[in-house]
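Participant: Starting from the given sequences, assemble the full structure and let the hints guide the process.
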Amino acid sequence: MNRNAIVVIALILVIVGVALILTTNNSLLPSKPPVASPSPAAVQVSQQDWKSFENKQYNISFKYPPTWSINKNTQLFENGDLVAVQFTGATQQEQTEFYDGARFVVMIPQATNLDLNSWVESRHKANVSGSAPQFSDTVINGVTFRKVYECGLGCFTYYYRVVGGQGYGVVVSAAGPQEVELNATISEILKTVEIGS
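So for the sequence shown, this note's numbering puts the first residue at 1; every next one is plus one.
These aren't lab readings, by the way, just hints derived from the structure by calculation.
Mixed in with the good hints there might be a few duds.
[Said to hold, decoys possible] As a list, the in silico DSBU-like pairs of lysine-lysine whose alpha-carbon atoms are at most 30 Å apart: (1) Lys191 <-> Lys51; (2) Lys125 <-> Lys147; (3) Lys191 <-> Lys147.
Facilitator: Written out as C-alpha coordinates, the structure reads:
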(Lines of atoms letter the chains of each structure in order from A and count residues from 1; the text may use other names and numbers.)
(Lines give C-alpha, C1' and ligand atoms only; values in the text may rest on other atoms or scores of the structure.)
Protein backbone atom coordinates (compact mmCIF):
# COMPACT_ATOMS: atom_id res chain seq x y z
CA MET A 1 0.00 0.00 0.00
CA ASN A 2 1.09 3.47 -0.77
CA ARG A 3 2.54 5.56 2.11
CA ASN A 4 0.03 8.42 1.44
CA ALA A 5 -2.93 6.03 1.68
CA ILE A 6 -1.69 4.76 5.06
CA VAL A 7 -1.40 8.34 6.36
CA VAL A 8 -4.93 9.19 5.16
CA ILE A 9 -6.39 6.05 6.79
CA ALA A 10 -4.52 6.81 10.03
CA LEU A 11 -5.87 10.39 10.06
CA ILE A 12 -9.43 9.15 9.51
CA LEU A 13 -9.05 6.66 12.38
CA VAL A 14 -7.70 9.37 14.69
CA ILE A 15 -10.59 11.73 13.82
CA VAL A 16 -13.18 8.99 14.39
CA GLY A 17 -11.50 8.04 17.68
CA VAL A 18 -11.49 11.64 18.93
CA ALA A 19 -15.15 12.04 17.95
CA LEU A 20 -16.08 8.87 19.85
CA ILE A 21 -14.18 10.00 22.94
CA LEU A 22 -15.85 13.43 22.91
CA THR A 23 -19.29 11.90 22.43
CA THR A 24 -18.74 9.39 25.24
CA ASN A 25 -17.44 12.08 27.62
CA ASN A 26 -20.42 14.35 26.90
CA SER A 27 -22.89 11.56 27.55
CA LEU A 28 -21.19 10.74 30.88
CA LEU A 29 -21.48 14.32 32.15
CA PRO A 30 -24.52 14.84 34.35
CA SER A 31 -27.08 16.78 32.40
CA LYS A 32 -29.21 19.46 33.93
CA PRO A 33 -32.90 18.65 33.84
CA PRO A 34 -34.85 21.04 31.65
CA VAL A 35 -36.64 23.75 33.54
CA ALA A 36 -40.29 23.83 32.59
CA SER A 37 -41.68 27.25 32.00
CA PRO A 38 -45.39 27.70 32.33
CA SER A 39 -47.26 27.42 29.07
CA PRO A 40 -49.07 30.51 27.81
CA ALA A 41 -52.35 28.69 28.39
CA ALA A 42 -51.49 28.03 32.03
CA VAL A 43 -50.34 31.53 32.89
CA GLN A 44 -53.02 33.05 35.06
CA VAL A 45 -54.03 36.53 34.04
CA SER A 46 -56.48 38.57 36.05
CA GLN A 47 -59.83 38.81 34.29
CA GLN A 48 -59.55 42.58 34.49
CA ASP A 49 -56.75 42.25 31.91
CA TRP A 50 -58.89 40.12 29.60
CA LYS A 51 -60.17 41.35 26.25
CA SER A 52 -63.90 41.87 25.73
CA PHE A 53 -66.20 40.86 22.92
CA GLU A 54 -69.59 42.53 22.62
CA ASN A 55 -72.22 42.38 19.89
CA LYS A 56 -75.09 44.77 20.61
CA GLN A 57 -77.19 43.56 17.67
CA TYR A 58 -77.54 40.10 19.23
CA ASN A 59 -76.94 41.20 22.84
CA ILE A 60 -73.96 38.88 23.40
CA SER A 61 -70.82 39.62 25.40
CA PHE A 62 -67.97 37.76 27.07
CA LYS A 63 -64.34 38.19 28.09
CA TYR A 64 -61.36 36.13 26.98
CA PRO A 65 -57.64 35.99 27.85
CA PRO A 66 -55.17 38.21 25.98
CA THR A 67 -53.29 35.08 24.83
CA TRP A 68 -56.36 34.07 22.81
CA SER A 69 -57.23 35.60 19.44
CA ILE A 70 -60.24 36.02 17.19
CA ASN A 71 -60.39 33.53 14.31
CA LYS A 72 -62.56 34.72 11.43
CA ASN A 73 -62.21 31.49 9.45
CA THR A 74 -64.33 29.06 11.46
CA GLN A 75 -67.60 27.45 10.42
CA LEU A 76 -68.71 25.24 13.29
CA PHE A 77 -72.40 26.15 13.22
CA GLU A 78 -74.36 25.37 10.07
CA ASN A 79 -75.90 28.87 9.91
CA GLY A 80 -72.64 30.64 10.66
CA ASP A 81 -70.39 31.66 13.51
CA LEU A 82 -70.80 35.11 15.00
CA VAL A 83 -67.34 35.01 16.57
CA ALA A 84 -64.67 32.47 17.45
CA VAL A 85 -61.84 33.04 19.89
CA GLN A 86 -59.08 30.51 20.20
CA PHE A 87 -55.78 29.61 21.74
CA THR A 88 -53.42 27.88 19.32
CA GLY A 89 -50.94 25.42 20.84
CA ALA A 90 -47.28 25.15 19.88
CA THR A 91 -47.67 21.94 17.84
CA GLN A 92 -50.74 23.03 15.85
CA GLN A 93 -50.05 23.12 12.10
CA GLU A 94 -51.86 25.35 9.61
CA GLN A 95 -54.35 23.80 7.18
CA THR A 96 -55.01 20.80 9.48
CA GLU A 97 -57.67 19.72 11.93
CA PHE A 98 -57.54 21.62 15.22
CA TYR A 99 -55.67 19.24 17.57
CA ASP A 100 -53.61 21.53 19.83
CA GLY A 101 -55.44 24.40 21.43
CA ALA A 102 -58.92 25.54 22.39
CA ARG A 103 -61.88 27.27 20.78
CA PHE A 104 -64.86 29.20 22.07
CA VAL A 105 -67.34 29.81 19.25
CA VAL A 106 -70.63 31.73 19.37
CA MET A 107 -73.27 31.01 16.73
CA ILE A 108 -75.33 33.58 14.88
CA PRO A 109 -78.64 33.42 16.77
CA GLN A 110 -81.56 31.76 14.97
CA ALA A 111 -85.27 32.42 15.13
CA THR A 112 -87.23 29.55 16.70
CA ASN A 113 -90.75 28.93 17.90
CA LEU A 114 -89.64 25.87 19.92
CA ASP A 115 -88.88 25.68 23.63
CA LEU A 116 -85.23 25.21 24.64
CA ASN A 117 -85.25 21.40 25.00
CA SER A 118 -87.13 20.79 21.73
CA TRP A 119 -84.91 23.21 19.82
CA VAL A 120 -81.69 21.65 21.16
CA GLU A 121 -82.86 18.09 20.52
CA SER A 122 -83.81 19.01 16.95
CA ARG A 123 -80.25 20.24 16.40
CA HIS A 124 -78.54 17.15 17.83
CA LYS A 125 -80.87 14.20 17.17
CA ALA A 126 -79.23 13.13 13.90
CA ASN A 127 -75.68 12.34 15.06
CA VAL A 128 -74.36 10.22 12.18
CA SER A 129 -71.03 9.23 13.72
CA GLY A 130 -69.65 8.75 17.19
CA SER A 131 -71.63 8.30 20.38
CA ALA A 132 -75.10 9.56 21.23
CA PRO A 133 -75.14 13.14 22.53
CA GLN A 134 -75.41 13.65 26.29
CA PHE A 135 -77.94 16.30 27.36
CA SER A 136 -78.00 18.13 30.70
CA ASP A 137 -78.86 21.52 32.18
CA THR A 138 -76.21 23.85 33.56
CA VAL A 139 -76.34 27.30 35.12
CA ILE A 140 -74.03 30.05 33.85
CA ASN A 141 -74.23 33.48 35.50
CA GLY A 142 -77.53 32.52 37.11
CA VAL A 143 -79.06 31.53 33.74
CA THR A 144 -79.97 27.96 32.76
CA PHE A 145 -78.42 26.68 29.54
CA ARG A 146 -78.99 23.33 27.84
CA LYS A 147 -75.62 21.58 27.66
CA VAL A 148 -74.84 18.97 25.00
CA TYR A 149 -71.66 16.88 24.97
CA GLU A 150 -71.17 15.20 21.61
CA CYS A 151 -68.35 13.19 20.07
CA GLY A 152 -68.01 12.43 16.38
CA LEU A 153 -65.04 13.89 14.57
CA GLY A 154 -63.70 15.23 17.87
CA CYS A 155 -65.60 15.99 21.07
CA PHE A 156 -67.45 19.25 21.59
CA THR A 157 -69.54 20.79 24.34
CA TYR A 158 -72.45 23.02 23.31
CA TYR A 159 -74.37 25.49 25.47
CA TYR A 160 -77.78 26.71 24.26
CA ARG A 161 -80.39 29.20 25.39
CA VAL A 162 -83.69 30.38 23.87
CA VAL A 163 -84.76 33.95 24.65
CA GLY A 164 -87.58 35.87 22.99
CA GLY A 165 -87.89 33.49 20.04
CA GLN A 166 -84.13 33.50 19.40
CA GLY A 167 -81.91 30.45 19.83
CA TYR A 168 -78.38 31.19 21.03
CA GLY A 169 -75.48 28.76 21.09
CA VAL A 170 -71.84 28.42 22.09
CA VAL A 171 -69.55 25.50 21.30
CA VAL A 172 -66.26 24.88 23.11
CA SER A 173 -63.46 22.39 22.69
CA ALA A 174 -59.89 21.85 23.88
CA ALA A 175 -57.26 19.35 22.78
CA GLY A 176 -53.56 18.70 23.04
CA PRO A 177 -50.97 18.67 25.81
CA GLN A 178 -52.54 21.68 27.59
CA GLU A 179 -56.12 20.38 27.46
CA VAL A 180 -56.68 20.48 31.24
CA GLU A 181 -55.51 24.10 31.57
CA LEU A 182 -57.44 25.14 28.47
CA ASN A 183 -60.67 23.57 29.76
CA ALA A 184 -60.18 25.52 33.00
CA THR A 185 -59.79 28.72 30.96
CA ILE A 186 -62.94 27.89 28.97
CA SER A 187 -64.80 27.53 32.29
CA GLU A 188 -63.59 31.01 33.27
CA ILE A 189 -64.69 32.46 29.91
CA LEU A 190 -68.14 30.89 30.35
CA LYS A 191 -68.50 32.69 33.69
CA THR A 192 -68.33 36.01 31.82
CA VAL A 193 -70.90 35.14 29.14
CA GLU A 194 -74.04 37.23 28.82
CA ILE A 195 -76.43 36.11 26.10
CA GLY A 196 -79.80 37.60 25.26
CA SER A 197 -80.18 39.33 28.61
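Participant: Confirm or reject each hint.
Facilitator: Hint check results:
For the hint pairing Lys191 with Lys51, the CA-to-CA distance comes to about 14 Å; that is within 30 Å, so the pair holds. For the hint pairing Lys125 with Lys147, the CA-to-CA distance comes to about 14 Å; that is within 30 Å, so the pair holds. As the CA atoms of Lys191 and Lys147 are separated by approximately 15 Å, the hinted pair is consistent with the 30 Å bound.
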